[in-house]
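S.K.: Using the working numbering, read the sequence shown as starting at 459 and increasing by one per residue.
Keep in mind that the hints were calculated from the coordinates and are not lab data. Yeah, the Cβ is synthetic: ideal placement off N, Cα and C, and Gly gets one too. Treat each hint with caution, since some may be false.
[Stated by the list, open to error] Label-pair restraints from in silico Cβ distances: (1) S554 x P597: 19 to 29 Å; (2) R587 x G523: 26 to 36 Å; (3) V543 x L572: 34 to 44 Å; (4) D509 x R567: 25 to 35 Å; (5) T585 x S497: 21 to 31 Å; (6) A539 x R587: 13 to 23 Å; (7) T585 x G520: 33 to 43 Å; (8) L561 x T585: 32 to 42 Å; (9) L550 x D526: 16 to 26 Å; (10) D509 x F601: 31 to 41 Å; (11) P597 x L550: 28 to 38 Å; (12) G584 x G523: 33 to 43 Å.
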Amino acid sequence: MTTQSRDSQSAASHSMDSQPAAPQPGASFLTTWFAILDSEDADRILDLISDDFSFSILFSTGGDGATDFHGGRAEMEGYLAQREVGVRTHHLLSASTVGRDELFLGEVRRHGELEATFVASARLTGTGRVRRLLIGRSPSVLFT
Numbered sequence: 459m460t461t462q463s464r465d466s467q468s469a470a471s472h473s474m475d476s477q478p479a480a481p482q483p484g485a486s487f488l489t490t491w492f493a494i495l496d497s498e499d500a501d502r503i504l505d506l507i508s509d510d511f512s513f514s515i516l517f518s519t520g521g522d523g524a525t526d527f528h529g530g531r532a533e534m535e536g537y538l539a540q541r542e543v544g545v546r547t548h549h550l551l552s553a554s555t556v557g558r559d560e561l562f563l564g565e566v567r568r569h570g571e572l573e574a575t576f577v578a579s580a581r582l583t584g585t586g587r588v589r590r591l592l593i594g595r596s597p598s599v600l601f602t
């Protein structure tokens, strides 16, 4: 085999290896995350985060204002402490997984009434814990 054909084969196999994984339906980690978050024991989500966890939750209630909750474990503990337990619930509209990344589109309901749409993305570790979490929610765009 010539050097040129070996290089061509190597380039072809490298481009195939570097292709992103095909999306898979569902997002089992985020589905579990929101089920726990909606429970009476939401602190259990702390068991699902990695040692180097970081997150941002951009929380809009409409108008020009939004709050960005962000940081690591301690800030997530603070976020959980300020939530109204049993008031808001998260409902799946669609979800997918690509490699270690999960994407989740859902609705937030307050006492059963549609309040906002949210999107969430998570990057998981090889052991299935969340390493990065980004969530945005807004009542300005509803998908249903």
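S.K.: Determine for every hint whether it applies to the structure shown.
M.R.: Going through the hints against the structure:
1. S554 x P597: 19 to 29 Å: Cβ of S554 to Cβ of P597: about 24 Å, so the range 19 to 29 Å holds.
2. R587 x G523: 26 to 36 Å: holds, 32 Å
3. V543 x L572: 34 to 44 Å: violated, 20 Å
4. D509 x R567: 25 to 35 Å: Between D509 and R567, where Cβ atoms are some 33 Å apart, the hint holds.
5. T585 x S497: 21 to 31 Å: holds, 23 Å
6. A539 x R587: 13 to 23 Å: Once the Cβ atoms are compared, 21 Å apart, the range 13 to 23 Å for R587 and A539 holds.
7. T585 x G520: 33 to 43 Å: holds, 39 Å
8. L561 x T585: 32 to 42 Å: Between L561 and T585, where Cβ atoms are some 20 Å apart, the hint is violated.
9. L550 x D526: 16 to 26 Å: Distance hint for L550, D526 holds at roughly 24 Å.
10. D509 x F601: 31 to 41 Å: Once the Cβ atoms are compared, 35 Å apart, the range 31 to 41 Å for F601 and D509 holds.
11. P597 x L550: 28 to 38 Å: Violated - the Cβ-Cβ distance for P597 and L550, about 18 Å, lies outside 28 to 38 Å.
12. G584 x G523: 33 to 43 Å: Between G584 and G523, where Cβ atoms are some 39 Å apart, the hint holds.
Hint compliance for this structure: hints 3, 8, 11 are not met, and every other hint is.
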